[in-house]
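Student: Both chains come to you apart, so use the hints to assemble them.
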Amino acid sequence: MIIVNDVHKRYMTDHGAGKWVLRGVNFVIPPHVNVGLVGRNGAGKSTLLRLIGGIDTPTRGTIERRCSVSWPMGFGGGLQGSLTGRQNAKFVCRIHGHDEDIAERIAFIEDFAGIGNYFDHAVKTYSSGMKSRLQFAMSMAFDFDVYISDEVTAAGDVAFTNKAAAAFENLANHAGLIMVSHSEETLRQFCQAGIWLHEGQAQWFDDIEEALARYNESISK
Amino acid sequence: MVFVKHRTSTNVTLTTWKALFLREAVTRLAAGRAAWVWLFAEPLAYLVFVMTLFGFIFHRKVGGVDGAMFVVTGLLGFNFARNTFVRSMEAIKANAALFAYRQVHPIDTVLVRAALEAFLNLLSAIVLLAGASLFNFEVLPTDPLGVMGAILGLWLFGVGVGLILSASTKLVTELGKVINILITPLTFISGVMIPASTVPQPYRDMLLFNPILHGLECLRGAYFAAYHTVPEASLAFLYLCALTTVFFGLALHVRYSRRLVAE
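Residue numbers (my numbering), protein chains in the order written: chain A, 5 to 225; chain B, 822 to 1084.
The set of hints was computed from the structure by calculation and includes no laboratory data. Treat the hints with caution; some may be incorrect.
[As the list claims (entries may be wrong)] Just the calculated beta-carbon pair ranges, DEER-fashion: (1) Ala951/B x Asp18/A: 46 to 54 Å; (2) Pro35/A x Phe1068/B: 39 to 47 Å; (3) Thr994/B x Ala21/A: 13 to 21 Å; (4) Ala862/B x Val32/A: 57 to 65 Å; (5) Asn30/A x Ala856/B: 49 to 57 Å; (6) Glu68/A x Glu863/B: 44 to 52 Å; (7) Trp24/A x Phe1068/B: 33 to 41 Å; (8) Ile106/A x Ser1055/B: 44 to 52 Å; (9) Ile1000/B x Ile106/A: 32 to 40 Å; (10) Phe861/B x Asp18/A: 39 to 47 Å; (11) Thr17/A x Val1075/B: 20 to 28 Å; (12) Leu1007/B x Pro35/A: 54 to 62 Å.
[Stated by the list, open to error] Here are a few chain B residues that face chain A, going by a calculated C-beta distance under 10 Å: (13) Arg828; (14) Thr836; (15) Lys914; (16) Asn916; (17) Leu941; (18) Arg1080.
[What the hints assert, rightly or not] The calculated lysine to aspartate or glutamate pairs, modelled on EDC-like cross-linking and capped at a C-alpha distance of 16 Å, are: (19) Lys839/B x Glu104/A; (20) Lys882/B x Asp964/B; (21) Lys839/B x Glu114/A; (22) Lys998/B x Glu911/B; (23) Lys167/A x Glu114/A; (24) Lys23/A x Glu203/A.
All figures in this text were calculated on a predicted structure; none of them were measured in a lab. We put the CB at the ideal spot given by N, CA and C, even for glycine.
Just chain B, with the same shape it has in the complex (with noise of 0.2 Å):
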């Protein structure tokens, strides 16, 4: 017989992580039939949705690009930051039953989550730029290490509010149907379908305390020569709101790590 041999935290956690995104990616991939379509048809389909409501299939331009591209830029860009807030959120309530093995903690549930909806996004991306670039659009990004800045920023800053919201909706219960309400105006605040530059004053400088709305600007202005960036649009103030979010997120697991396993 092999005794359980003694193993290091560091070694606990990264064998945890593993498992659990092993499992996350499972059920996200595999359970229900053809869960794995839904990957590209969501993202699509709202694609679809927006530019039909805008009227800007294949023949405008907005900001200086073309009007598929700037849709399609600002919802990929956008998924990255919203996607994992709203599904590392859950994270805790969905994989209650884990913490009956000590080694599951619920921030580890909050990080493989938005480590699991990073590659998925990535993955999406990758598929839907492919998709456009066999219809003739433009796909390839000017600066692309610009655009692994803005995503990377983007992405962080859906960590920070996931540990956050995590954290907090399962010590408040009542805040996850608020969460829920606030996040549909998030999309028109974000500056997914419409240019900041566009926005007059002073409602610009209004929606530009929104850092996912500087995170889509610095990514366009990446990502197209031609893109008209609002002169405001730092990606230093995304990363600091990303910094923040995920140092409060952490601290609000740490002081309340025990009433977080509690059922």
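Same shape as in the complex, but just chain A (with noise of 0.2 Å):
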């Protein structure tokens, strides 16, 4: 379960603090459940995102994690550039507390990303692809109980994107996820659940369906 309560967020600019993106967010994703987050850009998925993971603050506002959550997978964040790919999942394990059964899961790791030799080449040589499917098979290593994915299956041809539903599909009676995707053909194969984003504050829906609407309906304006 994670409690979302009365979120602020601004950021600090060049020009002093800059405008509020999140202005009094509430919300609590209950366990085991799928969640979309839908909003224009700049409406502050990502950085809610960011908060929910734990790697930012909320400028006011708490936010309650009762359970384990993964980073934020997405657009190549938490891997170097210059390391491999098994050097970079080494080093996740080895954060995570994984260091006597490192082998097992990099074999894991390597076979669920499915990209071959690169494994062994430097991140910095990898299609926006392969990094997405790095990513993926990262977090998918560890059991969390809610996967935070920022649009980390764009990138990811729909082989993979079939392989990660299905993954899901298997973690579904005892994991969650909260994505952020702009495609509505990939939040209706994740996700039940939605959140609509706008103007710094953040509606529930319990169907994704209805959170598409409303933000369809908003973006037709």
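Tutor: Have a look at this one:
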């Protein structure tokens, strides 16, 4: 369960405090629910994911994580370009306290990512699709209660998206997913519930279709 | 399926340090062609340069000791301070991608780099001194404990300055350029190439505001029985500066922890 209580967020810019990105966001994500986050560009979707993932702190308000939460995967964040996929994977295993069974986890990541020889090449030589594959595989190697995905499926091909969706269906009874995507198809494939971010406020919908409908209504105006 | 077990903060920090240390070591030693060669080639090249510049290769005495050993000890000791803060100053920028994992904090990257720097400098010191002993130089220190004390102080001072600079260059980006300009003359005022006893007053008192000079003077005093250490040289002053900078650096990292993570 994740409880987001009256979260406000603004960033410091070169010209002092910026404008409020989030203004009083409230919602509760129940366990084992896959949630899609929709909203226009700059609505604060990635910001919200970073806050939920605990890598940034809200300016005001609180976020309670009563479960283990993955890091936000997406946009090549968390990968060091000069190191190989394997070295990056080892690093992630180590910081999650899995030093003893590192070999099995690396084997899992290598297999799940399915990028062949490139696993032993520097990440900076990867295409964006290969980066997504690696990131997704890395987070699937750990048993989080909630996985956070910031457009990680966007760069992957159909085969990979299907593989990822199938992996999530297997996890469905003991893990949840919070994802941002601009593809309605992907959101429908992965999520049941939806959150619509609009003008710094968040609205919860039990059905992703309703969230998408409200979002489409707001952008057509 | 094994569920993610609950871990203590200490455990998270220690595993993160270990992971970062191995990662940094790999990038330093294995990235690029024969990257490890530079670890020894760099101080060696510098050494040759300085000794040629001053023309005291193998035959002159400086401050009562052999000229070559004088520069070697000065350079190695100086590196413990300078390399530590120069490398750890850039730690936050170089590891920005890793702050996507909430286990990794900016301060971890700085401290780990400083530790790695201590380890690598120790390694290159041992190799250089072993090499010098093959050429019949007197490489064994007279007071090993004193040498260790001075080295530790120099490194701690490097850690402190590194902590301060890593945070402040991230907050005020322009500062990085100024620091790089200031680092160059630091070699000259820290007594790497000249003993403090040869500097006339009142300039000697001015130079003695520099804690690295204190460290190097004490280092050589402990290393060579015959070295003319200036009476003002004080290890206590070095440690006082080290503790002050470490404290101030930690305070900066605590105070601005949120802004240090921001991109």
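Student: Run every hint past the structure and note whether it holds.
Tutor: Hint check results:
{"no.": "1", "hint": "Ala951/B x Asp18/A: 46 to 54 Å", "verdict": "holds (51 Å)"}
{"no.": "2", "hint": "Pro35/A x Phe1068/B: 39 to 47 Å", "verdict": "holds (44 Å)"}
{"no.": "3", "hint": "Thr994/B x Ala21/A: 13 to 21 Å", "verdict": "holds (19 Å)"}
{"no.": "4", "hint": "Ala862/B x Val32/A: 57 to 65 Å", "verdict": "holds (60 Å)"}
{"no.": "5", "hint": "Asn30/A x Ala856/B: 49 to 57 Å", "verdict": "holds (51 Å)"}
{"no.": "6", "hint": "Glu68/A x Glu863/B: 44 to 52 Å", "verdict": "holds (50 Å)"}
{"no.": "7", "hint": "Trp24/A x Phe1068/B: 33 to 41 Å", "verdict": "holds (36 Å)"}
{"no.": "8", "hint": "Ile106/A x Ser1055/B: 44 to 52 Å", "verdict": "holds (48 Å)"}
{"no.": "9", "hint": "Ile1000/B x Ile106/A: 32 to 40 Å", "verdict": "holds (38 Å)"}
{"no.": "10", "hint": "Phe861/B x Asp18/A: 39 to 47 Å", "verdict": "holds (43 Å)"}
{"no.": "11", "hint": "Thr17/A x Val1075/B: 20 to 28 Å", "verdict": "holds (23 Å)"}
{"no.": "12", "hint": "Leu1007/B x Pro35/A: 54 to 62 Å", "verdict": "holds (57 Å)"}
{"no.": "13", "hint": "Arg828", "verdict": "holds (5 Å)"}
{"no.": "14", "hint": "Thr836", "verdict": "holds (5 Å)"}
{"no.": "15", "hint": "Lys914", "verdict": "violated (13 Å)"}
{"no.": "16", "hint": "Asn916", "verdict": "holds (8 Å)"}
{"no.": "17", "hint": "Leu941", "verdict": "violated (18 Å)"}
{"no.": "18", "hint": "Arg1080", "verdict": "holds (6 Å)"}
{"no.": "19", "hint": "Lys839/B x Glu104/A", "verdict": "holds (14 Å)"}
{"no.": "20", "hint": "Lys882/B x Asp964/B", "verdict": "violated (20 Å)"}
{"no.": "21", "hint": "Lys839/B x Glu114/A", "verdict": "violated (23 Å)"}
{"no.": "22", "hint": "Lys998/B x Glu911/B", "verdict": "holds (12 Å)"}
{"no.": "23", "hint": "Lys167/A x Glu114/A", "verdict": "holds (14 Å)"}
{"no.": "24", "hint": "Lys23/A x Glu203/A", "verdict": "holds (11 Å)"}
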